[in-house]
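Residues per chain, in single letters:
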Amino acid sequence: MITLALILAAFIVMSLGMDKHHRVFFDGGLSKPKRSALKGCAWLILCFAFVVCCKIHGPQFGPVWFAGIATVAAFMTMGLVSLRTTISKKAR
Amino acid sequence: MKGGIRQSNSWLHGWAGLLLGWVMFAIFFTGTIAFFRHEVTFWMQPELHRTTAVGHEEAAKVAIERLEAIAPQAREWGVVLPSERNPTLRISWDDAGADPDNPASAPADRLLRDRAEKQAEITNARGGRPRDPGLLLDPATGDVLTPRDTAGGEFLYRFHYRLHGLPNELGRWIIGLATFAMFIAIISGIITHKKIFTDFFTFRAGKGQRSWLDGHNAMAVLSLPFHLMITFSGLLLLGSTLLPWSGGGGHGHGGHGRAGNDEIVAASGTAPEQDRIASDRIIAEGQSIWGAPAGRMIFHRVNGVTQTVELTSQKNDDLTLRPGGGPGRTITFDAKNAEVVERTDTEAENAIAATDRTMVALHLGRFAPWQFRWLLFVAGVAGTLMIATGLVLWSVKRKEKRRGAPGTVGHRLVDSLNIAAITGLPLATAAYFWASRIISAASPDRANLEISIFFAVWLGSFIHALFRPDGKAWLEQLIASGLGFASLAVLNPLSGGMDLVTATSRGNWIVAGFDLTVLVTGAVFLLAANLLAARATRNSSAQPRPSNTAAATELAREAP
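As you go down the protein sequences, you meet chains A and B in turn. Quick note on my numbering: the first sequence kicks off at 1 and runs consecutively. Quick note on my numbering: the second sequence kicks off at 93 and runs consecutively.
Don't take each hint at face value.
[Said to hold, decoys possible] If we take Cβ atoms under 8 Å as the criterion, some of the chain A residues that face chain B in the derived model are:
1. Leu16
2. Lys20
3. His22
4. Val24
5. Phe26
6. Gly29
7. Ser31
8. Ser36
9. Phe50
10. Ile56
11. Pro59
12. Ala67
13. Ile69
14. Val81
Don't read these hints as lab results, they were simulated from the structure. Every residue, glycine too, gets a C-beta built ideally from N, C-alpha and C.
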């Protein structure tokens with residue numbers, strides 16, 4: 001669960017670092033330094049999640065678990081981002 | 093290369109995906125269910141639902157007692173201990189060389205033995221790994237369980253790598269070519285995808301072709317590691333078929349060797365076997381060495397006395413152990429004093445073998461605890477949806493290009509095949525599960541009858557798709573699939589199985605998990621049908637009334 005939470009957080013931060021999603025969430029553009037900071041932060045969390053996962057499941061099964069959990073987290077992020085898009089459009 | 097590398101790959105992606113897309117869809121769909129094949133078989137045999145789970149030590153004692161009564165002179169006994177995937181206890185024996193009319197067996201036990209031997213003949217005639225005659229027991233009471241004969245999850249598992257009703261090699265060749273086409277489609281798809289990072293989390297709903305493309309991309313990209321792994325390892329598993337001169341990799345689906353201990357010391361002792369064999373200590377010792385549960389016991393016997401016991405772990409704790417992903421750790425114990433005679437860990441000899449074994453282990457997922465099995469299942473569903481959206485996208489693209497003009501016979505065939513694959517196969521699967529419950533348990537050859545129903549419904553869905561307008565065929569088959577799956581949870585208690593509430597309260601997660609999964613699957617199909625119906629209503633109300641008869645006929649043919 002902790003790995004899932006970390007990867008999900010990383011993906012949400014990463015999606016906010018993408019111009020298209022950022023615009024939908026905050027109705028404004030994304031400056032280059034802000035984009036780099038968000039993406040850098042996302043990668044850091046991802047790396048940390050990988051280490052945590054390997055610590056929990058061992059060096060052999062850790063990467064396998066990480067890939068599996070990352071897949072689920074990616075679908076969850078896509079769902080959240082798409083849902084947010086729909087809500088914001090309805091609100092407008 | 094005219095049109096650039098991206099266009100060339102786009103062409104390749106489209107055609108490699110389409111031509112074998114329906115086979116790929118069937119492989120992914122049945123393969124995804126096969127991650128839970130033991131659970132599916134268990135659900136399809138309601139006679140087993142009330143089996144009581146007990147500890148391994150207790151189960152082993154029950155097994156030994158039964159085996160001594162049924163096959164006292166067998167040269168080998170086998171026991172498959174209860175697990176989280178199947179709480180029953182399976183015993184088997186190898187009577188080769190023993191007196192078939194051994195007076196040591198009571199008449200009732202001899203009857204059981206004869207029945208088990210007949211059943212083994214029938215099962216072995218269906219193909220697959222030859223099995224010794226055996227019985228299923230309730231591990232708590234030792235009662236012989238007599239579940240109905242079923243093709244179970246095993247049929248879906250075998251179908252995904254060798255189809256059905258074809259010579260084994262031909263089936264494997266077709267699957268091999270489809271897997272190869274899938275691999276090409278994945279690689280060319282990656283090259284074709286212009287905005288793989290920009291559109292990473294993007295899905296734009298309700299935008300026609302754009303939505304189908306987004307859905308296809310999302311299913312492909314978000315679980316790309318799984319798709320690459322499962323396809324590449326699938327090719328490795330079929331290596332001996334596709335590259336017969338390679339000599340085979342020593343692995344494949346099914347077919348595990350038995351690491352036996354042939355050096356058996358002389359027989360001794362006449363005490364009952366359950367008193368003589370230190371099964372408690374053997375299991376405890378093995379589990380403490382591995383730090384994992386024991387899975388199987390093989391008793392090597394001479395003159396009716398067990399000399400050594402081979403204990404195998406239930407799951408691998410190392411991906412590089414033994415080809416095929418099956419348990420690769422074995423310890424041979426002295427039966428009397430539980431001393432370790434031999435330890436066998438089938439570790440890979442080199443990095444190439446280790447890589448090969450890792451890929452195969454990941455494909456088969458036998459090492460996986462239930463949580464990881466679900467991750468594999470979810471990724472498998474994503475793969476199935478990726479193929480489904482790809483197939484629909486091919487059709488939608490051409491339909492939008494035609495702008496209402498009728499399609500060619502080829503287009504019509506593709507549309508019908510899409511419907512028969514994407515909604516027809518799930519419908520056939522729901523019918524297959526239904527068949528396991530509505531065919532009389534005593535019916536002869538009922539396993540083959542289940543399979544016949546599966547194919548009859550699938551064929552029916554294709555014929556239905558051919559003769560109904562597209563939209564209506566999609567809608568009707570989605571509703572039928574939805575109802576077919578959801579009603580399984582109701583059918584289960586009505587046909588002798590354990591109901592969802594009882595299963596949940598008793599912690600029987602095999603039955604509860606199956607029922608919940610079919611309920612969710614049914615709901616998803618019905619939701620899709622609802623969305624489709626709503627869209628059809630919206631489209632028909634927005635469309636201008638055609639002014640002439642020809643246009644009206646054309647629209648009627650196209651409209652859902």
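**Report entry** Restraint outcome when alanine 67 of chain A is required to lie within 8 Å of chain B by C-beta distance
**Finding:** holds, 5 Å
Query raised in the report: Does glycine 29 of chain A meet its interface restraint, that is, does its C-beta lie within less than 8 Å of any C-beta in chain B?
Result: violated, 15 Å
Query raised in the report: With 8 Å as the cut and Cβ atoms as the points, is serine 36 of chain A at the interface with chain B?
Result: At about 14 Å, which exceeds the 8 Å cut-off, the nearest Cβ of chain B leaves the hint on serine 36 of chain A violated.
Requested in this report: With a cut-off of 8 Å on the beta carbons, see whether isoleucine 69 of chain A makes it to chain B.
Outcome: It holds, given that the least Cβ distance between isoleucine 69 of chain A and chain B is near 7 Å, below 8 Å.
Query raised in the report: With a cut-off of 8 Å, does the beta carbon of lysine 20 of chain A approach a beta carbon of chain B closely enough for the hint to hold?
Result: holds, 7 Å
Query - Given hint isoleucine 56 of chain A near chain B, where the shortest CB pair must fall under 8 Å - result: violated, 12 Å
Query - Hint check, proline 59 of chain A versus chain B [nearest Cβ-Cβ separation less than 8 Å] - result: Violated - the Cβ of proline 59 of chain A stays beyond 8 Å from chain B, reaching only about 11 Å at its closest.
Query raised in the report: Per the CB criterion, is leucine 16 of chain A less than 8 Å away from chain B?
Result: This hint is violated: leucine 16 of chain A lies away from chain B, its Cβ roughly 10 Å from the closest one there, beyond 8 Å.
Query raised in the report: Taking 8 Å as the limit, does the beta-carbon of serine 31 of chain A come near enough to a beta-carbon in chain B?
Result: Hint on serine 31 of chain A: violated, closest Cβ of chain B at ~17 Å, above 8 Å.
Query raised in the report: Measuring from the C-beta of valine 81 of chain A to each C-beta in chain B, is the shortest one below 8 Å?
Result: holds, 5 Å
Requested in this report: Let me know if the C-beta of valine 24 of chain A comes in closer than 8 Å to any C-beta of chain B, holds or violated.
Outcome: Given a least distance of 10 Å, the restraint on valine 24 of chain A is violated.
Requested in this report: Grab the minimum C-beta distance from phenylalanine 50 of chain A to chain B and call the hint holds if it beats 8 Å, violated otherwise.
Outcome: For phenylalanine 50 of chain A, the interface hint is violated, since the closest Cβ of chain B sits about 13 Å away, which is over 8 Å.
Going down the numbered hints, you'll see the structure goes against 1, 3, 4, 5, 6, 7, 8, 9, 10 and 11, while the others check out.
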